[in-house]
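**Student:** Read off the chains here:
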Amino acid sequence: MKSFLRYCLAALLIFGISALYGCASKQENKTVIINIWHWMTDRQAAFKELAARYEAKTGVKVNFELYAPSDAYTQKVRAAAQGNNLPDIFGVLAEKKDFASFIKAGHILDLTPYMDAVDGKWRSSFFAKALAVNEFPEGNSYGIKPGVYGAPIDITTIQMVYNKGLFKELGLNPDNPPSIFDELLKIGRKIKANNMQGLVSGWAEVWMIDCLANNYAFNIMGEEKVLDTLRGKVSYNDPDWVKVFSVFKEMRDSGVLASGIVTMINKTAEQLFANGKAVFAFNGSWCVNVYKGMNPDLEYAAMLPPKASDKYPMAIWGGAGSSFMVNARSQNKEETVKFLKWFTDKEQQAYLSGVTQNIPANKDCLGSIPGTLAQFADDMELTTHPNIWGIWEFPVVTEALDKGIQSIIIGEKSPEQVASEVAKIKEREMAKKKN
Amino acid sequence: MKLKAVLENYVFVLPAVIIFSIFYIIPFVWVFQLGLYEWDGILPTKLFVGINNFKEIVFEDPAWWGSLWNAGYITLIALTFQNALAFLLAWACDREIRMKNFYRMVFFIPPVLSEIVVGMVWRFIINDIDGANIINRMLAGMGFPDLVHNWLSDPETALTMVALVHSWKGFGWGFLIFLAGLQTIPHELYEASRVDGANARESFKKITIPLMIPVMVLVAILTVLGSMQVFELILGLVGGEFAGHTSVPALRILASMRVSSRFGYACAQGISFGLILVIISFIQYRFSHKARQASN
Amino acid sequence: MKTAVYYKTKKITINALIHIFLLTMVVVCVFPLLWMVFSSFKTQETIFRDASLIPREFHFENYCLAWQQGGFGRYFLNSILYTASVVIGIIIVSSLAAYAFSRFRFPGRKILFIIFMAAMMIPVPGSFVALYVLLNKLHLRDTPFGYILCMISVGLSTSIFLLKTFFDKMPRELEDAARIDGCSKLGIWWHVALPLARPVLAVVVVFNALNVWNEYILALIIFDSRKFMPLQVALQTFRGEFVTNYPLLMAGLTITALPIILVYLLMQKYIVKGVTSGAVFG
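So the protein lines, in turn, are chains A, B and C.
Heads up: the first sequence begins at 1 in this note's numbering, then just goes up one per residue.
Heads up: the second sequence begins at 1001 in this note's numbering, then just goes up one per residue.
Heads up: the third sequence begins at 2001 in this note's numbering, then just goes up one per residue.
Excised from the complex, chain A in its bound form (with noise of 0.2 angstroms):
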């Protein structure tokens, strides 16, 4: 019984060590402390350094903390945005409607006139399509003040690479990769005879789906038809867009796609890639840094998705690839700025991108940086990405037309039953919205 005693004297204790642990931390300083939250496990050291060179510069403390898993992180904001308890600088890591969301609640500080101070000096740093994507223009349709409401850190591209090492085993030029979809078909039937894998990307998310399926969406039906199919002018049963699900079944029959790329989460793709198990991968421009530290020999370069029309430029997605937001109720807005356009300047960015192989999103920077990189970097005119086309699709549309994708590429729908089946649940939604 003694010992029962104890145990319960010891349970009193802990509750109240616990207590007095949560107390003291709330202690005042009289220093300027900036917070920021984000979820880039990889880019944490990087972060840290900066944030020590800019406290030794200026005394200001700069908090960085890193909450990952990402989908984790999403929660944790958007729960801090229910108390108000958001730091001074975080990423919202969302969609653009719900970065709208964000803004309407009044958490985002409208970075407008900090942008176009002295001549625009801190806008026109940035390359305009990383911007672009933090940028509601007039007359939006999400019913936003038109302005700019974040600063990008750096650039990401999503497009294709190829291992140079395994296009010599396949008897093919490792400096010439396929241009055009037959091609790739062709090369696909290759790996298939030699029985390598293919084609890896992480399938199982499926935004990465959604992302080539829209490059070709572009190429095949140019931009304006895209945003008519948005905007529900253009029905999914359109040819055109068979044809898109069609690029995905002609994938798959011509054996380019690995086995098992339906349920690969990224990173294991990258691990395939990295060790040379697989001749393509798409994936955005932090592979070259995930390649890097998996597997500093491996010899490979980026390419673009090969067209499958004549018609219309391919298009890839890009833009700003993280974000930082400040919060509009943060108690040290001006200083929380200064920090940011710090942190967003050349030297900053160059830095960073040099540490972290990610592109700068200041252009001043771009001549630093190393060369499979460069290349990524190169492509940023055929850019594009669903945050700068100013009208979205429905969430439900979206994820029935990547679940649609996969059904074709494990080979239990046609492209014409996909495509009539996002046809349907698009026509719902509409009907839905005018009521």
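These are computed hints drawn from the structure, not numbers from a lab.
A portion of the hints provided could be inaccurate.
Keeping only pairs whose Cα atoms sit at most 20 angstroms apart, straight-line, the calculated SDA-like set for lysine to any residue is [stated by the list, open to error]:
#, chain 1, residue 1, chain 2, residue 2
1, A, Lys413, B, Pro1062
2, C, Lys2273, B, Pro1062
3, A, Lys249, B, Asp1154
4, B, Lys1290, B, Arg1201
5, C, Lys2010, B, Arg1194
Nothing here was measured: the structure is a model prediction, and the numbers come from that model.
We have chain A; now place chains B and C onto it with these hints.
**Tutor:** Showing chains B and C alone in chain A's frame:
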């Protein structure tokens, strides 16, 4: 004096009731309320839509029903295969046998691990290109090269693999409860039936099974509650919903919350799901009540 | 006589068959775990080539590296603190309630119990946002105390259920004797009922310890300060960084799984006793 005694009784339940009301009932009511709104989880304003969310779940959301079906399939395998295995093991352990304690100890280790860890480790063991491909190697080694294929990314086998790994993780609980149940059966009963000339099979049928029915029902209830709510295992093992083939209600709810930002709808889904679970548990409970009355 | 020999051989064969069956299951149970542990001793280069279960050479440095890279030290302590506090809290709160539900008659007893039981079955998705707002209002957000209270409420229903069924079956003689000796109700609960309930308490401990130890999403949402985070949150970050470095990842997984396996091994003697004593059958 009497009042004091009553108040004293309440002192016992008060801490539980307070903690429970604040940290369970309030969120529950809040979630229930939100089920009646269209809300993206961010905006300060919510749009009241009445029972529209529930209508949409019932009439316009085949993916939701598909996910319920999948969860039902996992549960069915857990109820049959997993529990039969657990029962057999418990039955085998419930005798004078060497290393009894060792077996007991080992069988309960899988339930201790977290779902994500189990999913990741098994993926690593099963999967062909990013794993060790153990199953296929064994099949090829035993002379069945035709059966070799991608177990986790074939729509025909993915869900079954999920169910089997789930059973692997879960059978320890059933084993433990069955074992305990078997040990409460007095040995005299077996002795008596042997004297009456019954063989082992007969006494198993006449004594073990009837006395174990309430225990089986309890295990069944726990299995259903555990299996219907599995999702982290799926994320670790298959990476996601796999074109709907491995989607379960919990994953659908998460998708509504994170991907389509429909917090209100997600809450409505959660409420409907909870309702289904309560109904199933209630039916099982009634069944167990009847079974117990019958066995008495 | 044929029969004696016959029965003896039959018994031996049956026993052998049973052992074979059980040992097969032991292998199936332990194999993934051994795989995890042994993989953690391999290197990134050998893990895919070295298909044998037992690595040719053991790389213990993976553990040091994982421990340092994950910064597990502090989070380890936090997790132990949370697990211990929640488990002790649940034991006290739920055994008080379960005892009252089992022994006392008071208005509202039945309905209260039914509400608790219903809660055992209904999951509340998205409740963490509500919990967040709630803790914020109570000024308990980003405090260990708030987290502990939330986690106590999670395990409460099941624990009350287990304890109540146990108390229902427990003979009352000892309590009656204590009452005659002039012991108060609280005194009887403390001095008589709780010590007798030790076996079922073992079940409650393991069940709840598992829950708390493996929880991370609520912790990540309500804690802003890194210093309060439990081990599983650190493991999630670690996973994000090293998901492709299998040996290191496996080392991290092993480190985080080990303590809970230890708790179970320490408790397992009592668990079977607890379950056997009728704790879980109504």
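**Student:** The structure should be examined with respect to each hint, and the outcome stated for every one.
**Tutor:** A quick look at each hint next to the structure:
Our distance criterion of 20 angstroms between C-alpha atoms is met by Lys413/A and Pro1062/B, whose separation comes to about 16 angstroms. Of the supplied pair hints, the one linking Lys2273/C and Pro1062/B is violated, its CA atoms being roughly 46 angstroms apart against a limit of 20 angstroms. Restraint check: the Cα-Cα separation between Lys249/A and Asp1154/B comes to about 16 angstroms, which is no more than 20 angstroms; the hinted pair holds. Annotation: proposed proximity of Lys1290/B to Arg1201/B is violated, straight-line Cα distance about 25 angstroms (limit 20 angstroms).
Proposed proximity of Lys2010/C and Arg1194/B is supported: the alpha carbons are some 17 angstroms apart, at most 20 angstroms.
The structure is inconsistent with the numbered hints 2, 4, although it conforms to all the rest.
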